[in-house]
Amino acid sequence: MSESRQAAAGSALVEVRGLHTTLGGKVIFDGIDLDVPRGKITAIMGPSGTGKTTLLRHITGQLPPDSGEIRVDGENVPTLSRGALFDLREKIGFLFQNSALLTDFTVFENVAFPLRQHMKLPEDLLRNIVLTKLQAVGLRGAAELMPAELSGGMARRVALARAIVRDPMLILYDEPFVGLDPIALNQVLRLIRTLNDTLGITSVLVAHEFAAVSRVVDQVYLIASGKVAARGSPAELARGESPWTKQFFGGDADGPVPFHYPARDYALDLGFPAGS
Amino acid sequence: MSSVPKPKDAPAKNEPSVIGNALAQVGACGLFLLQILAAIPRSLRYIKETIRQIWFVGAMSLVIIMTCGLFVGMVLGLQLYYVLSIFGGTAALGTVVSLSLYRELGPVVTALLFAGRAGTSITAEIGLMRATDQLAAMEMMAVDPIAYVAAPRFLAGIVAMPLLACVFNALGIFGAHLVGVSWLGLDNGTFWSNMTSSVDVWKDVVNGVWKSCAFGAVVALIAVFQGYTTPPTSEGVAYATTRTVVFSSIVVLALDFVMTAFLM
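Chains A and B, in that order, give the protein sequences. Under this note's numbering, the first sequence has 32 at position 32, and the numbering climbs by one with no breaks. Under this note's numbering, the second sequence has 1092 at position 92, and the numbering climbs by one with no breaks.
Just chain A, same shape as in the assembly (with noise of 0.2 angstroms):
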């Protein structure tokens, strides 16, 4: 580990700090901090729309925010080279909202293509690694399927084995759960935690399913109208009192989340005077 590393080690691996970002006139965040603790889960959650896949956008360099800090293992993402940015991304691993499987490839080339196109191993070994991580997602059988014989939820799985295949410093989870039934998502869940456990992996994921996201996360960051609205244990921000959390959490569609885009007058839409 460099020296770098070792003074970094135990604090944030992700510090984001007054992240100011507009999107099609919009204000998406205005003025976020944030800290992703090494070693740690975490989850962002939110309302639709409000910046959850943005965030992982700005942290792994897909989208420069309009000003703010991001380092991501001390260095400010914003600010690097292309070559520098893909050194830091051979270090992270992403799970894609709708999977980004490459439809050309079969699963197991899928999950060996970033081995292949970074190192040089021997192909016994290489494919040993691919069907290890294909086993821990419980598609090793699948291997020789391509890509659109996968229902949604067995692609999801794919993409997770191939976001872990070289087990990143730090792993990004957009949306992980949609689509697993019970019993894969139960296993994705242990998988999560395990990689966590065993090999020190940061995480952080984005998702909206409250119940299964508090059984392995460590602190919750929950984000609304640009703001962090509330940040806790999943216990402290289940038994929270402030109006973000109590809507949020209790599906409310009243209170200072608004449920509706911003509009003009609906009357007006219609047809009709104004405030009729």
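It is worth saying that the hints were derived from the structure and are not from the lab. These numbers were taken from a predicted model, which means no experiment stands behind them. Some clues are possibly wrong.
Computed, partial: chain A to chain B, Cβ under 10 angstroms [to be verified]:
no.: 1; residue: T22
no.: 2; residue: K26
no.: 3; residue: G61
no.: 4; residue: L85
no.: 5; residue: L88
no.: 6; residue: R89
no.: 7; residue: I92
no.: 8; residue: F94
no.: 9; residue: Q97
no.: 10; residue: S99
no.: 11; residue: L101
no.: 12; residue: H118
no.: 13; residue: A163
no.: 14; residue: L172
no.: 15; residue: F259
For lysine-lysine, the following DSS-like pairs were computed, each having C-alpha atoms within a straight-line distance of at most 30 angstroms [claimed, not checked]:
no.: 16; chain 1: A; residue 1: K91; chain 2: A; residue 2: K227
no.: 17; chain 1: A; residue 1: K120; chain 2: B; residue 2: K1048
no.: 18; chain 1: A; residue 1: K246; chain 2: A; residue 2: K227
no.: 19; chain 1: A; residue 1: K26; chain 2: A; residue 2: K246
no.: 20; chain 1: A; residue 1: K40; chain 2: A; residue 2: K227
no.: 21; chain 1: B; residue 1: K1048; chain 2: A; residue 2: K91
The following label-pair restraints were derived from C-beta to C-beta distances [said to hold, decoys possible]:
no.: 22; chain 1: A; residue 1: L145; chain 2: B; residue 2: V1258; range: 46 to 52 angstroms
no.: 23; chain 1: B; residue 1: R1052; chain 2: A; residue 2: V27; range: 44 to 50 angstroms
no.: 24; chain 1: A; residue 1: V178; chain 2: B; residue 2: L1031; range: 33 to 39 angstroms
no.: 25; chain 1: A; residue 1: N76; chain 2: B; residue 2: V1201; range: 45 to 51 angstroms
no.: 26; chain 1: B; residue 1: P1041; chain 2: A; residue 2: D254; range: 58 to 64 angstroms
no.: 27; chain 1: A; residue 1: K246; chain 2: B; residue 2: V1018; range: 51 to 57 angstroms
no.: 28; chain 1: B; residue 1: R1052; chain 2: A; residue 2: R215; range: 42 to 48 angstroms
no.: 29; chain 1: A; residue 1: L145; chain 2: B; residue 2: W1055; range: 23 to 29 angstroms
no.: 30; chain 1: A; residue 1: T194; chain 2: B; residue 2: R1052; range: 34 to 40 angstroms
no.: 31; chain 1: A; residue 1: L121; chain 2: B; residue 2: R1052; range: 19 to 25 angstroms
C-beta: ideal position from N, C-alpha, C; glycine also.
The hints should help you fit chain B onto chain A, whose structure is shown.
Showing chain B alone in chain A's frame:
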């Protein structure tokens, strides 16, 4: 697809002009070309992918190129035999057909067919990769999609196009021979001897190959650029494939004029 009608008092958006959009596209395409050229040394790692693309855009286009080449040659043979017979010059059929094919028709028609057959498939493939986040996934796996996806297809276009044009020319001459010699009774020796004595390898054949290389680069660049920058929607991919054919055709014909002026 129709959109929700706008209310009468909705504020008008400040739409950029057509010319402004076109210039922006040309500029973006130029920058994209520089990115591809810079990525070519890195793309040599993926030589297998480049070979696969040459097979895909080259070998898979052979049937259409051969068929069209044969018929273009047959039509040329028929038309030119009729015109030349008015002046008693049918002996020059082989010369005129071969010069037309080597200098103009071979490179140009092959490029237009290539844009329709291979260009659209490149655009649709990359556009769908964009729409399904496959390009973003590569970026996240620290694999440069310009080097892995764009550059191999660009190189494949440059390599495949002259080879396809040569096949087109060969089938065209065969078609003209079929009509002129086998069907209309022109002397076989006259057909070949006049052709070989009039066609200059460097001025006619090699210049045609240079044109083909340039057309291959242009069509492949447009196809890859349109796919890479398409909006990630089904409508976006559909428009992008259409733009590939339209823009490629216009640019190939314009570039043909410029290159002919310089190479003559």
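How the hints compare with the structure:
Interface hint status for T22 of chain A: violated, as the beta-carbon distance to the closest one in chain B is roughly 18 angstroms, over 10 angstroms. At its closest, the beta carbon of K26 of chain A sits 16 angstroms from a beta carbon of chain B; the interface hint therefore is violated under the 10 angstroms criterion. For G61 of chain A, the shortest C-beta to C-beta distance to chain B is roughly 9 angstroms, which falls under 10 angstroms, so the interface hint holds. At about 8 angstroms, the closest approach between the beta carbon of L85 of chain A and any beta carbon in chain B falls short of 10 angstroms, and the interface hint on this residue holds.
The interface hint given for L88 of chain A is met, as the beta carbon of that residue sits about 8 angstroms from the closest beta carbon of chain B, less than 10 angstroms. For the restraint placing R89 of chain A at the interface with chain B, the shortest Cβ-Cβ distance is roughly 4 angstroms, inside the 10 angstroms limit, so the hint holds. Satisfaction of the interface hint for I92 of chain A is found here, the shortest Cβ-Cβ separation to chain B being roughly 7 angstroms, below the 10 angstroms cut-off. Interface restraint check: F94 of chain A against chain B, minimum CB-CB distance 4 angstroms, threshold 10 angstroms, status holds.
Given the 10 angstroms rule on beta carbons, the hint for Q97 of chain A holds: about 8 angstroms separates it from the nearest Cβ of chain B. Look at S99 of chain A: its Cβ gets to within about 8 angstroms of chain B, closer than 10 angstroms, so that hint holds up. For L101 of chain A, the suggested interface contact is upheld, since its CB lies about 8 angstroms from the closest CB of chain B, less than 10 angstroms. For H118 of chain A, the shortest C-beta to C-beta distance to chain B is roughly 7 angstroms, which falls under 10 angstroms, so the interface hint holds.
This hint holds: A163 of chain A has a C-beta 9 angstroms from the nearest C-beta of chain B, less than the 10 angstroms allowed. Against a cut-off of 10 angstroms between C-beta atoms, the interface hint on L172 of chain A holds, since the closest Cβ of chain B lies about 9 angstroms away. At a threshold of 10 angstroms, the smallest CB-CB gap from F259 of chain A to chain B is about 20 angstroms, leaving the interface hint violated. As the CA atoms of K91 of chain A and K227 of chain A are separated by approximately 28 angstroms, the hinted pair is consistent with the 30 angstroms bound.
For the suggested pair K120 of chain A and K1048 of chain B, the alpha carbons sit about 16 angstroms apart, so the restraint of at most 30 angstroms is met. Straight-line distance between C-alpha atoms of K246 of chain A and K227 of chain A comes to about 16 angstroms, which keeps the hinted pair within the 30 angstroms bound. At most 30 angstroms may separate the alpha-carbon atoms for a hinted pair to count; K26 of chain A and K246 of chain A meet this at roughly 25 angstroms. For the suggested pair K40 of chain A and K227 of chain A, the alpha carbons sit about 22 angstroms apart, so the restraint of at most 30 angstroms is met.
A threshold of 30 angstroms between alpha carbons decides the hint, and for K1048 of chain B with K91 of chain A the separation of about 26 angstroms falls inside it, so the pair holds. Here the CB-CB span from L145 of chain A to V1258 of chain B is close to 50 angstroms, well matched to the stated 46 to 52 angstroms. Against the hinted window of 44 to 50 angstroms, the Cβ-Cβ separation of R1052 of chain B and V27 of chain A comes to about 46 angstroms, which satisfies the hint. For V178 of chain A and L1031 of chain B, the Cβ-Cβ distance of about 37 angstroms falls inside the hinted range of 33 to 39 angstroms, so the restraint holds.
For the pair N76 of chain A and V1201 of chain B, the beta carbons lie near 60 angstroms from each other, so the given range of 45 to 51 angstroms is not met. Range check, P1041 of chain B to D254 of chain A: Cβ separation about 59 angstroms, and the 58 to 64 angstroms hint holds. Hint check: K246 of chain A to V1018 of chain B, Cβ distance near 52 angstroms, so the stated range 51 to 57 angstroms holds. The hinted range of 42 to 48 angstroms is satisfied by R1052 of chain B and R215 of chain A, whose Cβ atoms lie roughly 45 angstroms apart.
The given range of 23 to 29 angstroms is respected by L145 of chain A and W1055 of chain B, whose C-beta atoms sit roughly 25 angstroms from each other. Against the hinted window of 34 to 40 angstroms, the Cβ-Cβ separation of T194 of chain A and R1052 of chain B comes to about 38 angstroms, which satisfies the hint. Evaluation of the 19 to 25 angstroms hint for L121 of chain A and R1052 of chain B yields a pass: the beta carbon distance comes to about 22 angstroms.
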